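Novice: Just so we're aligned, residue 14 is where the sequence shown starts under our numbering, counting upward by one.
Don't take each hint at face value.
Stated by the list, open to error - Label pairs and their computed distance ranges (CB to CB):
| no. | residue 1 | residue 2 | range |
| --- | --- | --- | --- |
| 1 | Asp-157 | Gly-258 | 17 to 25 Å |
| 2 | Asp-278 | Ala-219 | 17 to 25 Å |
| 3 | His-238 | Ala-160 | 37 to 45 Å |
| 4 | Gly-155 | Leu-239 | 34 to 42 Å |
| 5 | Val-152 | Ala-219 | 38 to 46 Å |
| 6 | Arg-237 | Gly-258 | 31 to 39 Å |
| 7 | Asp-248 | Asp-278 | 17 to 25 Å |
| 8 | Ala-282 | Ile-156 | 17 to 25 Å |
| 9 | Arg-267 | Pro-244 | 19 to 27 Å |
| 10 | Ala-210 | Glu-245 | 30 to 38 Å |
| 11 | Ala-153 | Gln-215 | 36 to 44 Å |
Just so you know, the hints here were simulated from the structure itself, not pulled from any lab data.
Only a predicted model underlies this, so the values are computations on that prediction, with no experimental measurement involved.
Think of the CB as a built atom: it goes at the ideal place given N, C-alpha and C, for glycine as much as any other residue.
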Amino acid sequence: MSDDFDPFDDEPRSRSSRRENEQEQTPHSFDPWADLPTRASRRRHGLELPTDAPGLGGMWQGDDASLTLDRGAGQGSEPSPPAPGGRILVVCTGNVCRSPYIHLRLAAELDGLGIEVTSAGTGALAGWPVDPGSVALLVAAGIDSTAFRARQLTVDMIEDADLVLTATRAHRRAVVQEAPLGLRKTFALVDFADLVADVQPQEVEAARGRSGVGKLVAAAGARRHLVHARPEDDDADIVDPFKMGPEVFAQMEREITPSLDAVVDRLRAVSQPI
Numbered sequence: 014m015s016d017d018f019d020p021f022d023d024e025p026r027s028r029s030s031r032r033e034n035e036q037e038q039t040p041h042s043f044d045p046w047a048d049l050p051t052r053a054s055r056r057r058h059g060l061e062l063p064t065d066a067p068g069l070g071g072m073w074q075g076d077d078a079s080l081t082l083d084r085g086a087g088q089g090s091e092p093s094p095p096a097p098g099g100r101i102l103v104v105c106t107g108n109v110c111r112s113p114y115i116h117l118r119l120a121a122e123l124d125g126l127g128i129e130v131t132s133a134g135t136g137a138l139a140g141w142p143v144d145p146g147s148v149a150l151l152v153a154a155g156i157d158s159t160a161f162r163a164r165q166l167t168v169d170m171i172e173d174a175d176l177v178l179t180a181t182r183a184h185r186r187a188v189v190q191e192a193p194l195g196l197r198k199t200f201a202l203v204d205f206a207d208l209v210a211d212v213q214p215q216e217v218e219a220a221r222g223r224s225g226v227g228k229l230v231a232a233a234g235a236r237r238h239l240v241h242a243r244p245e246d247d248d249a250d251i252v253d254p255f256k257m258g259p260e261v262f263a264q265m266e267r268e269i270t271p272s273l274d275a276v277v278d279r280l281r282a283v284s285q286p287i
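Construct the complete structure from the given sequences, taking the supplied hints into account.
Specialist: In C-alpha cells form, the structure reads like this:
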C-alpha cells in the first residue's frame, strides 16, 4: 500500500499527468490501480484493464499492454430509473465468486426494502454462472443462484449506483480511476462496514441522498475523520477463491460475513419497507 493512500479519502489530490508518470516510472513501479481519478468521467462500454494488474489472478495474459473488455451481453446503454430504496453495485474481478456471493446475500437480506442489488467484474467472465464454490455457500444459506450470469463492469453501472462495494481496495482504485464520479460512493466492503458500524440514525436523517442507501453513504463519508482506516490493504481485502478449494471459499465467507452483517444492519435501520 502506498504511504499516502487513504481508503476513506473523498478529495482528489493533485498529481502529475499520466504521460509524465509513464516517463518517470519504471514498469515495476507503475501502479495502474492508483486511488485517484486520472481521467474525465465518461460513458464507456467497458474498462481498459492492464494485463498485469494486481487482483486479476492471471486470468488475462497476452503481449498487449491492455485489454478492452466489452460490455456484458444484455446490458442496455441507458441508465435505469432509481430504485425506491437505492441501488447497490458489488464489484470483484471475474464476477463469479466474491461479488455474486455478496450480491445475492445482500439481495436476500434486504428483500422488501426496495433496494436493487447488482454486481459486475473488472475482468468479468461474462456469461458465466456463479462458481460452484460460492454456489455451495449460497445453497447452505438458502439462496438460489441459478439465474445469475457474470457481467462486465461499465462506467454507466458505477455512475448509476448509489453505493459501490468492492471486494478489495485494488478494485476500489480501479472503479474510481475509470469513473471519478464514483469516488465518494465507492468503498471496499470491509472499509464501508467500519465507517457505518457506529453511525447514528440522526446522522443518516440529516444527510443528503435520494434514497436510504444514498443517505447512509453520505453519513458514512461524514465520519471519515472519526474512523481510522485499517493500515494495510490486506486488512481490508477479501481473499480471491477462484480456482481454489473449499477451504478458501470458507475463508472468503468468514471474511465477508461480519462486514456484510454490519452493512445489512445499517441499511435495514435506514430503509422503509415497501
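Novice: Hint says 38 to 46 Å; check whether the CB-CB distance for Val-152 and Ala-219 agrees.
Specialist: Holds: the Cβ-Cβ distance is about 41 Å, inside 38 to 46 Å.
Novice: State, for the Cβ atoms of Ala-210 and Glu-245, whether the hinted interval 30 to 38 Å holds or is violated.
Specialist: At roughly 19 Å between Cβ atoms, Glu-245 and Ala-210 fall outside 30 to 38 Å, so the hint is violated.
Novice: For the hint 34 to 42 Å, verify it against the beta carbon of Gly-155 and that of Leu-239.
Specialist: Because 37 Å falls inside the window, the suggested range holds.
Novice: Is it true that Arg-237 and Gly-258 lie within 31 to 39 Å of each other by Cβ?
Specialist: holds, 38 Å
Novice: Just to be sure I understand the hint, the distance between the Cβ atoms of Ala-282 and Ile-156 should be within 17 to 25 Å; is that true here?
Specialist: holds, 22 Å
Novice: I want to verify a distance hint. Is the separation of the beta carbons of His-238 and Ala-160 within 37 to 45 Å?
Specialist: holds, 42 Å
Novice: Taking the Cβ atom of Asp-278 and the Cβ atom of Ala-219, is their distance within the range 17 to 25 Å?
Specialist: The hinted range 17 to 25 Å holds for Asp-278 and Ala-219, with Cβ atoms some 20 Å apart.
Novice: Take a look at whether the Cβ-Cβ distance between Asp-157 and Gly-258 falls inside 17 to 25 Å.
Specialist: holds, 24 Å
Novice: Just tell me: holds or violated, for the beta carbon distance of Asp-248 and Asp-278 against 17 to 25 Å?
Specialist: Given a distance of about 21 Å, which is inside 17 to 25 Å, the answer is holds.
Novice: Given the range 36 to 44 Å, decide if the beta-carbon distance of Ala-153 to Gln-215 lies inside it.
Specialist: Given range 36 to 44 Å: holds, Cβ gap about 38 Å.
Novice: Okay, Arg-267 versus Pro-244 on CB: inside 19 to 27 Å?
Specialist: Since the Cβ atoms of Arg-267 and Pro-244 sit about 21 Å apart, the hinted range of 19 to 27 Å holds.
Checked against the numbered hints above, the structure breaks only hint 10 and satisfies the rest.
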